[in-house]
Amino acid sequence: MDTTAAIFAVAVFVPVAASLAAILLKPWPRLQTALGAGGAITGAAAGLYCAVRALFLPAPETWNSPWSMPLGSLSMSMDALSALFLIPLFVLFGLGALYAVEYLRPVPRERNAAIPWFYYNTLGVSMALVVVAANGLLFLVAWEIMSLSSFACVLHNHEEEGSREAAWIYLIATHIGAAFLLIFFLVAGAGVGSLDFASIAHHAFSPALRGLLFAIGLAGFGSKAGFVPFHVWLPKAHPAAPSHVSALMSGIMIKMGIYGILRSITLLGHVQAWWGFSLIAIGSVSGILGVLLALGQHDLKRLLAYHSVENVGIIALGLGAGVLGVSYGIPQLAFLGFCGGLLHVVNHAFFKGLLFLGAGSVIHATGTADIDALGGVIRKMPLTAAGFLAGSVAICGLPPLNGFVSEFLVYAAAIKGIGAHNGPVFAICALSIASLALIGGLAVACFTKAFGTVFLGEPRTAAAAHGEAGPWMVIPLFVLAAFCGIIGLAFWKLVPVFAQPVCILTSLPKADIVSELSTFAPSLRGIAIGCVLFLACTGAVYLLRKGLLHKRTVGASPTWDCGYTVPGPRMQYTASSFAQPIVLFFRHVLGPVQTKHMPASTFPKGWSFRSHVPDLLLDNVYTPVFRLAGGMLSKLRWLQGGKTQAYVLYIAMTLIALLVWNFVWPR
Amino acid sequence: MSMLIVVLVVSNFFLLGTSRLRALIRIAAFEGLVLGLLPFFTQAEGFSFHTVIIGAGGMLLKGVAIPLLLNRALRGVEAYREEKPRVGYTTSIAAGIAISVLAFWIGAAIPRSPLFPNPQVVSLALCLAAVGLFLIVARTETVSQIVGYLMLENGIYTFGISLSAQQSVLVEMGVLLDLLVGVFIMCIVIYHINRQFESINTEELEVLKE
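Protein chains in written order, with numbering that gives the first Met the number 0: chain A, 0 to 666; chain B, 0 to 209.
Note that these hints are calculated values from the structure, not bench results. We treat Cβ as the ideally placed atom computed from N, Cα and C, and that holds for glycine. Certain hints may be false.
To be verified - To give an idea of the chain A side of the interface with chain B (calculated C-beta under 8 Å), a few residues:
1. 16
2. 644
3. 657
4. 658
5. 662
6. 663
As the list claims (entries may be wrong) - Ranges of calculated distance between the beta carbons of each label pair, as one might list FRET restraints:
7. 108/B <-> 65/A: 27 to 35 Å
8. 110/B <-> 650/A: 22 to 30 Å
9. 52/B <-> 197/A: 49 to 57 Å
Work out the full structure: start from the sequences and follow the hints.
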């Protein structure tokens with residue numbers, strides 16, 4: 000026990016300490032990078048050891064120490080549920096650090112090379128603390144460190160106006176969420192008299208209070224997870240951050256919201272059916288809107304950010320099915336739903352990390368994230384393209400990669416729900432299946448568009464013709480792709496790993512879970528074998544072709560050019576033209592904006608076409624509301640007179656008012 | 000212990016009634032020294048390593064280091080007295096009396112519990128903090144405001160030592176705030192070296208408003 004605690008302490012302190020020390024070594028940027036990355040990788044390795052160990056422990060490992068903060072205690076606990084979140088966290092944290100060694104080069108002379116490392120390492124460590132915290136106050140402190148360090152990471156390119164705007168939107172969104180969490184813990188702790196998770200879990204809340212707490216928690220954690228309508232910060236913040244940070248934020252940080260929802264389910268005790276219904280409803284809306292908005296994007300990283308909204312939607316569909324299963328006493332529904340949701344958490348971390356890192360390599364090499372400015376990148380960057388392709392296959396939920404398995408389990412859960420002879424469950428599970436099908440199809444369309452436009456065809460601009468990324472940036476892609484492959488092909492071997500966390504969530508016997516999940520083993524194995532055979536056949540055909548062409552001359556000529564005299568790369572399908580049919584089909588939901596100047600006369604001088612899919616929620620709801628609030632609050636400007644004395648007077652008056660209030664109406 | 004509390008409350012009135020800045024610093028230093036004695040009486044453990052550190056550390060910082068720094072900051076400056084206080088000295092003393100009465104009334108109303116073994120010390124803490132806030136609001140010279148801040152922070156320190164020993168985070172926070180005062184003073188010193196403005200009146204800061 001003590002050695003594990005010590006190793007976990009290494010995982011927490013070494014990354015922060017190393018990067019903090021590196022800040023002092025400004026004259027030696029290489030040493031700074033080595034310290035920052037070395038610290039992160041050491042911490043990740045140590046953390047990974049603890050997490051893997053905890054995954055198989057029947058009882059959580061706890062570590063307690065008094066803390067001289069009122070209501071706080073330094074109590075941490077690592078159970079299988081935490082471990083399941085910690086493993087992808089540390090994997091992605093370490094690989095992201097490896098990747099950033101090259102990605103962050105060259106460092107501008109006036110910048111301190113260690114500062115991005117400090118924020119990155121703090122972000123990684125604070126998320127690990129969020130997952131192991133077993134006290135409300137400690138949890139909130141870790142949560143706040145996580146929010147602030149990621150805010151600083153988003154501000155990496157603070158010279159750019161767009162970057163600053165994104166960071167502000169993110170800061171406001173995350174603090175609105177944190178306000179809900181503060182209320183959540185205060186209300187939960189008020190009845191219990193302690194903020195320790197152990198005491199909250201033992202407390203019997205009244206059903207009404209439990210429902211209220213879940214709703215507050217759903218709003219607070221949901222804003223971090225990026226559920227619609229709280230998703231607006233995601234498509235701003237992810238593109239603004241450096242790619243290794245985007246990978247960590249999208250792969251792991253938004254999962255902290257999911258972790259929070261799961262942890263509050265375990266803390267609140269008996270689940271209520273409406274929690275499951277609302278999770279599935281939110282999941283459907285987030286999934287479909289996320290993928291539709293992704294289809295309309297031209298910025299590669301913003302597209303990926305909207306896919307994160309889609310994927311948390313899929314996770315919510317799984318978890319919602321799990322909650323329904325527990326509340327209606329349908330064990331198979333509970334197992335499959337929770338297992339599918341949890342597996343998708345892990346899967347999304349791997350393939351979205353892979354995609355963001357791959358996109359980062361492309362952006363690093365070409366200097367642009369505009370999909371319509373790229374093209375033909377596969378010829379210059381074949382390894383990056385291979386990695387990105389693997390990620391695309393995985394995120395679309397296609398076999399043999401991991402996205403398929405988790406979506407398969409979520410489908411299986413919904414099908415179990417349909418067969419459960421329960422009206423409302425039938426209806427919501429049918430909705431879940433319909434949304435999943437729609438999401439899956441649209442995701443394939445979206446990634447065909449993204450991969451096809453960026454990597455295939457001819458370079459659209461000069462920027463698109465650049466060489467392959469270095470080994471530091473390629474190796475993490477392949478490691479992540481390997482994880483996607485392993486989970487995809489051998490999930491039936493990994494079932495026991497997921498049994499323990501599902502057991503924590505459902506409080507049902509572990510043996511049942513394993514046996515239930517194992518019933519899917521033959522079909523999953525069959526699909527895996529089929530895929531491997533298919534890939535083997537494809538390889539064989541390729542080798543056969545190569546062999547047949549061995550001693551002949553093979554010429555390469557341009558594609559048939561339809562008889563155009565001057566065919567150029569601009570004649571290719573663009574990202575928006577590829578997506579146009581779908582975007583127009585959903586125009587009432589998406590509200591695409593087209594600005595066009597069509598050729599008018601016989602010899603037109605110039606014409607242009609531009610299409611853009613705005614985030615309607617941001618433009619039509621949040622912006623007007625915040626502008627209205629800003630207008631109303633500006634009437635209070637007289638309070639800010641510039642006199643420090645007056646400001647202190649306000650504080651003093653507030654304190655006295657609180658004191659008097661407390662004594663006039665004592666509790 | 001009651002003796003110390005009385006001495007501190009009375010010296011508060013001097014603090015509120017004086018316009019000379021050097022006197023203000025001197026009284027603050029005296030209060031700091033007296034405050035350093037308080038932990039030996041309030042803490043159940045009496046003369047332990049912890050109390051000696053808290054007490055001696057408090058004395059050294061509040062009674063010696065910060066007054067010295069403040070005096071240095073005043074050196075070479077024309078400001079000897081508060082020129083235009085926002086609240087007059089008689090009114091200030093009247094307010095001080097009101098503050099003390101209120102503080103001791105609240106102290107008396109605090110229910111007996113193991114967390115607050117010494118309700119009078121809590122009253123003293125409230126009294127010091129309120130006088131500090133009052134000084135910040137009512138005076139305009141930077142030095143008076145720093146002394147006000149020092150008083151506020153003395154209140155927090157006193158509140159920390161009024162609690163049972165485990166809750167030492169407040170005391171530690173108090174020491175940290177002391178360091179912050181030190182930084183404030185250093186800022187004035189630098190401010191004077193720069194001589195951007197002709198006086199050290201905080202009203203000048205108004206130009207910084209948005």
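For each hint, the structure was consulted:
{"no.": "1", "hint": "16", "result": "21 Å, violated"}
{"no.": "2", "hint": "644", "result": "5 Å, holds"}
{"no.": "3", "hint": "657", "result": "12 Å, violated"}
{"no.": "4", "hint": "658", "result": "7 Å, holds"}
{"no.": "5", "hint": "662", "result": "6 Å, holds"}
{"no.": "6", "hint": "663", "result": "11 Å, violated"}
{"no.": "7", "hint": "108/B <-> 65/A: 27 to 35 Å", "result": "30 Å, holds"}
{"no.": "8", "hint": "110/B <-> 650/A: 22 to 30 Å", "result": "26 Å, holds"}
{"no.": "9", "hint": "52/B <-> 197/A: 49 to 57 Å", "result": "34 Å, violated"}
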